[in-house]
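Number of protein chains: 6
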Amino acid sequence: MSGFEVDRVVDALRHVRGEWRDAQKRPREAAGREFPSRDALSTLIEQLKGALFPMRLGPSDLRQDGEDFYVAHTLDVALHALLDQARLELHYVARHAPRPAAEIEAQARDAVRAFAAALPGIRRLLDTDVVAAFQGDPAAHSVDEVLLCYPGVLAMIYHRLANQLYQLDLPLLARIVAELAHGLTGIDIHPGAQIAGGFFIDHGTGVVIGETAVIGQRVRIYQAVTLGAKRFPVDAHGLLQKGLPRHPVVEDEVVIYAGATVLGRVTIGRGAVIGGNVWLTDDVPAGASVTQAGLQNEKARPAAQPLPVAAT
Amino acid sequence: MSGFEVDRVVDALRHVRGEWRDAQKRPREAAGREFPSRDALSTLIEQLKGALFPMRLGPSDLRQDGEDFYVAHTLDVALHALLDQARLELHYVARHAPRPAAEIEAQARDAVRAFAAALPGIRRLLDTDVVAAFQGDPAAHSVDEVLLCYPGVLAMIYHRLANQLYQLDLPLLARIVAELAHGLTGIDIHPGAQIAGGFFIDHGTGVVIGETAVIGQRVRIYQAVTLGAKRFPVDAHGLLQKGLPRHPVVEDEVVIYAGATVLGRVTIGRGAVIGGNVWLTDDVPAGASVTQAGLQNEKARPAAQPLPVAAT
Amino acid sequence: MSGFEVDRVVDALRHVRGEWRDAQKRPREAAGREFPSRDALSTLIEQLKGALFPMRLGPSDLRQDGEDFYVAHTLDVALHALLDQARLELHYVARHAPRPAAEIEAQARDAVRAFAAALPGIRRLLDTDVVAAFQGDPAAHSVDEVLLCYPGVLAMIYHRLANQLYQLDLPLLARIVAELAHGLTGIDIHPGAQIAGGFFIDHGTGVVIGETAVIGQRVRIYQAVTLGAKRFPVDAHGLLQKGLPRHPVVEDEVVIYAGATVLGRVTIGRGAVIGGNVWLTDDVPAGASVTQAGLQNEKARPAAQPLPVAAT
Amino acid sequence: MSGFEVDRVVDALRHVRGEWRDAQKRPREAAGREFPSRDALSTLIEQLKGALFPMRLGPSDLRQDGEDFYVAHTLDVALHALLDQARLELHYVARHAPRPAAEIEAQARDAVRAFAAALPGIRRLLDTDVVAAFQGDPAAHSVDEVLLCYPGVLAMIYHRLANQLYQLDLPLLARIVAELAHGLTGIDIHPGAQIAGGFFIDHGTGVVIGETAVIGQRVRIYQAVTLGAKRFPVDAHGLLQKGLPRHPVVEDEVVIYAGATVLGRVTIGRGAVIGGNVWLTDDVPAGASVTQAGLQNEKARPAAQPLPVAAT
Amino acid sequence: MSGFEVDRVVDALRHVRGEWRDAQKRPREAAGREFPSRDALSTLIEQLKGALFPMRLGPSDLRQDGEDFYVAHTLDVALHALLDQARLELHYVARHAPRPAAEIEAQARDAVRAFAAALPGIRRLLDTDVVAAFQGDPAAHSVDEVLLCYPGVLAMIYHRLANQLYQLDLPLLARIVAELAHGLTGIDIHPGAQIAGGFFIDHGTGVVIGETAVIGQRVRIYQAVTLGAKRFPVDAHGLLQKGLPRHPVVEDEVVIYAGATVLGRVTIGRGAVIGGNVWLTDDVPAGASVTQAGLQNEKARPAAQPLPVAAT
Amino acid sequence: MSGFEVDRVVDALRHVRGEWRDAQKRPREAAGREFPSRDALSTLIEQLKGALFPMRLGPSDLRQDGEDFYVAHTLDVALHALLDQARLELHYVARHAPRPAAEIEAQARDAVRAFAAALPGIRRLLDTDVVAAFQGDPAAHSVDEVLLCYPGVLAMIYHRLANQLYQLDLPLLARIVAELAHGLTGIDIHPGAQIAGGFFIDHGTGVVIGETAVIGQRVRIYQAVTLGAKRFPVDAHGLLQKGLPRHPVVEDEVVIYAGATVLGRVTIGRGAVIGGNVWLTDDVPAGASVTQAGLQNEKARPAAQPLPVAAT
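Residue numbers (this note's numbering), protein chains in the order written: chain A, 1 to 312; chain B, 313 to 624; chain C, 625 to 936; chain D, 937 to 1248; chain E, 1249 to 1560; chain F, 1561 to 1872.
Everything labelled a hint here was simulated from the structure, so no lab data went into it.
Treat the hints with caution; some may be incorrect.
Claimed, not checked - Label pairs and their calculated CB-CB ranges:
id, chain 1, residue 1, chain 2, residue 2, range
1, F, A1662, C, Q841, 52 to 60 Å
2, D, A1042, E, D1417, 56 to 64 Å
3, D, R1167, F, A1853, 43 to 51 Å
Stated by the list, open to error - No more than 20 Å apart at the CA atoms, straight line, and that leaves these computed lysine to any residue pairs for SDA-like:
id, chain 1, residue 1, chain 2, residue 2
4, F, K1585, D, Q1000
5, C, K649, A, A12
6, A, K25, B, G528
7, B, K361, A, T128
8, F, K1585, D, R1060
9, F, K1609, F, G1743
10, D, K985, D, G1057
11, B, K361, A, A12
12, E, K1297, D, A948
For each residue, glycine too, the CB sits at the ideal point set by N, CA and C.
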């Protein structure tokens, strides 16, 4: 009917979908949607944010004496929504390796129960991140400002929740949560990255942190820092070996300035300082300082020499 | 009345608007809004995304046996909304070069008809992008995860639609669609860029691809890669010459790692590899590898040497 | 009741909140929410955008003959919403240095009155930014396209409003507005930065501009440019000295290409050109050109030599 | 595809629609929607309510010193929305009696201009209704309560606007407005009814007032009162004669109690009282009182005799 | 915590709910919500209204050439939503008389399939109602006005859908739909009532039509008419006998004026006229006329005698 | 500017508002909105409905094991919203009789505390109403159906809450709640009416119950029943005497059929039956039956005689 030959386009699109489904070895006629929902995860993470920080990130008219009622109801709703999503991921994974539905259900419930039990610890870690941001940025006026304004703190709220999902064998949910944060902040942290307390990302746009990165206490990094892999490890047959450690280990109290790139399973020793735009594929000893001009022993560094820092 | 002297501010703002309209040689009293709407385009691109991938990006309760009904109605609505926007762009352009309304109407309808007819081909190309992302990232678990999570895939959905609008002489609509993707993903692809199938952008934040760039089959790039112009070509009178080729040509199966900058109408030969943070303004032969240390012949490269890669 | 032991999690979260409040020396039982609201500011900045550019950024069905009614009502609503937020910031600041509520009220009203009075001047400055973007990007077809599409222009609308709040001693509100723009565009401009008219940021993702930066007339910068501090100035006791000038001064008509990093209180002289990816911690004379290869005298630069430019 | 044979139902519904359009002598393929929109009218009447009573029925955060800004913008928006609807009605009417579009446009504009000019007078009349409700119901505590709570007052706001549209030859718009009130209150007043000031309907459910009814000053009626027609007047050929007076004339200060039915072009004289459930098809002299037992002379009525009243 | 002892109220409410569940012999701990949803039915009936009358009650920007796409998608969505509700009702009914889930599923699907197949016939019947309203009300200007404005027509759209559900053994869904109409229009038609084509209810508020009423072709009734039962039939043991005919039979072309009450299984013969407020518990012969004064033979009625009619 | 002379209309409306405010002896320039909000009350009553019947009228995805979390949070929010409204009413009342703000605050808090404490009792009473509706209507299939569908039950939920507000000296809030129910159901119960448990209103449209009515246990009434006042009592000076008993007393187990009108402080004795459309201004003895034909002694009534009942 329509002047745009909608009928014909619909037919052609159906044909292309059919080809895709055949190529992917999927049934042309299937039951329903078996994949987790980005929107559902977005909503429940928003709810968990509110339950973790009720007076700052909860509803604007919340009173302190009603906090627990709000936290309890919000958690109850968010955890059951998470249960739905966990079921979806586990069933999705099981489509190639069928197993009893009751087993999936039990695993999903166990995962959500463990996730719930981890929330107080996550809040405690996030409190250290907030303090680190407040102390690390002289422009910050209060911990409240940090919690409400700083994209690095927002990214860490999402990451600590995503990392918990990753640890609980729900990597798809974890990945979706990580990409939600990426879209909001321009900070791309793989949910597998292990990050200790007191972590501060300033400015943040363009930061990339890989799956097997390990980051110690009170580390500070700036915008456009990459903690990446040098190459994908392959086995004797040239096949990719997944899960091997391939990203940097960053020890306690390291500072990495804007635009620096650290690649491979190298270790940056405790208290080292990596200058802006530095390209680094080797270990750095504790306390050392690396600039674009090369590695320097901490003691030898003249007091007056400027460290390349960020815009703060 | 108000304590903030709203009346006076309103007067002053009217005065400034008047100056602007005079400077722009516009009538102070005009009829209405003659410019395409960012919100309307955002809505219709969302609809087209759903129509292209109904079971993954359509409504969450869609069943496979209702796909065609959904696709048909959604296309019908989106294409007519696009027709409205196409009319707005063409009338806007025609304000300095008046021509018959019927001619504009015919052009708008032809453009939307051609756009509709191109959709199945666009879906087919996007399927190759999804496969490329799945194969290019060892961390990817499934094509579905790639389609739902990866910002690089999202950016390509928008780009392939924007590029079609660009080819159909609707550059403003194309530009608005491109900026919508830029805001969502941090990936900035000019709608004029010509990109063949199987294109994969990993992480993506900070990628910039210019208007006359040409990209071959199965190319892979990482975050913060720039494919830019060296300088704007000027004619004998020093005037900018628009539309001349001024961005790189990237041949099939090239890989460009994070932070690399390639400027000018250079050609990167088939299968070449450009290392991270490389600054490049010259041609690269097929199969070669370029690191910050300089160009290397592929055969001469020792097997053990690490390639600078990204965070995956 | 619930299988997820919500009651127990609620108790544990209350316990952690209590610890935090103790550590922050806050009352465990407090009255209400005393911090400005990100959502409220987002809404009112949207309204001010519409009031500043009614026919382009106001409601899509606005007619030119109803502009003033719309502008007056929208300003009236937005300014009073701003008054609420200003009160919240001033009371929040006053919690450690109590002072009479009437004094706070008077300061809040004075600030909003001054803010209102500044709006026409802000519109005039933004008009110069729009013209600069139109002239600086040969791909731009019209000033309207620039206003609706370019993230650099969007960032400047937010910045000029945020900078006004910063000048009026409302730094928290200013910071929240700046972070709203950062989230939307990937452009991170501290609200304290002083930027003259005709400023153009192309592409923009990853740009960072620090608090004491000073930027002259008709400056143009590209994506991922940093105007940062070298180090935080400390006094004789090693304490951070806040507010000292520590970011670059960029004089009129300077151009800074993508990825360049300029650190510290250096001055880039009028009309200088800074090449892509350049790392710069020293003054640059007027008219000079700096590439990764080093500083060049303008007159010595051969006409044919390519300047490293961005993707436009 | 679907188990419900949607395709077949769609075909059958198209067939039935086709038959209907043939029976109504309409083209099977037509341009668009040519009828006024109930939703659009609902929205604009809500806006006019707010413009008429800004501090009571306008937005809840309106301040008195911002009233005029709100009123001006809201009127501007509502009147132009009304202009759209007026055009739709006039074009709809003109489909059987074509006339120049410019003539229709002029009539629509004239009607809306006259409507706008009538608003202050309508507000003044409504003020008398509010006072009447306050005085007529001993349970009313304030004029504000009356304005916010009483369905009879709500019905009169709609009626006085609908009646103005009716007088301006926009009977379809008027009818839609009247039915909106009917749905909200259960009070069904034909927009043609002429009702003077100080009119009060208590409780209201089931009230019906016909097109040619004429009601004087300070009349009071209760729920389920009908002011109807006895029969439709026909001419010598038995055809319905439209527009002839066929509903009651109710003079000043009459009271009609619940459930009374008054039919035909009878006159109820000034100050008369009609008892509950009375069935009346004859004139009633001024000052008389009618109960189910029959007509009584005012003077003869013993002081102690109860008048049948309503639930107040 | 809260000053209102919310904890204590919650406990008390739980206690009362427990008592209720015990009294109703329900488990205190149950699985979920097993009852149909009023909101879901409201939404799907709105969708069906649009699918039945796409150009009048569908989306305001629908074009005639996109009707079938809209109708197909909307039907597809609405019918599957109805399937969900039908399952809920059947499972709810089965809680006291358990039967196989597959049997319930089959019944639900059969019912929805039959419902879908009945829609074209329902549209055809509704067309006769629209024509009847147009012809029956001299104030009506067009069939479109009737369809958009008249509460009696709205009530019949709901009733004809509800009656279909009732016939398909889904009495709860049917009842909810009927009450939705009752809330919108004040017209209360039991979904079991059998009503032939060309039925017109004018004004409508207060109309009540009982479950076993039977209404012929082209009947017209006015506001506050009741077609009720005299008493509930009881069996020899005094128990209520459900489902026995106990409401009036109204033959073709009868007119019943406002406020008339007809009770019991009486028959009102073809073409009879029942006057306003008449109380009737006996049969009326065809062609007769009944006023409050009693039954009259049609032929004996003098031409000039007024019939009590409604407000039209 | 506008063709509709909006400026002039705004001026005229301001003038009329000024006259009104003068006539009402109000300041032309006032602070803000001091009246309770209909929207706020509508929202909070919806919340209380959910808190009272969580699994039937709460959110559709509520699970029984999360009930208490939902009830606690919802009550907490609704009670504090009610506190805001109570403050508004008390301050409004105090504008003519000023008293200390702290006294008003204490009264508002006491009222809400008492209201909260009364909720379990209200739920218990409503359970008896639900049972009465189920038993009183042979067409009802379950108590759940009754709770979700019956307008009479909905009206009683609102009334029992409104009556509690009325008892707590918040008559304006009570009145607004009553009118919300009136708008939804067509049932108009004054919040002052005292109604014992097991009350059932069938069909309901047009029911009116006055302020001083007293209704006993297990009473059943039908649509369009009025329990009204005969006349307003006046004192020796002819002034209205407010608050005197002026509406009927209806004893336990009375049934009143549709359309009956009972006026004045009469008593209808236990178990009496009032027939349809009866007009009654005198006492009725216990067990008696009244039809339009007059009063009958219960014992004398022949078994076969039909009682005038409603449409059920």
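Hints and how they fare:
no.	hint	result
1	F:A1662 to C:Q841: 52 to 60 Å	holds (59 Å)
2	D:A1042 to E:D1417: 56 to 64 Å	holds (59 Å)
3	D:R1167 to F:A1853: 43 to 51 Å	violated (30 Å)
4	F:K1585 to D:Q1000	holds (16 Å)
5	C:K649 to A:A12	violated (66 Å)
6	A:K25 to B:G528	violated (28 Å)
7	B:K361 to A:T128	violated (41 Å)
8	F:K1585 to D:R1060	holds (16 Å)
9	F:K1609 to F:G1743	holds (17 Å)
10	D:K985 to D:G1057	holds (14 Å)
11	B:K361 to A:A12	holds (16 Å)
12	E:K1297 to D:A948	holds (16 Å)
Of the numbered hints listed earlier, those contradicted by the structure are 3, 5, 6, 7.
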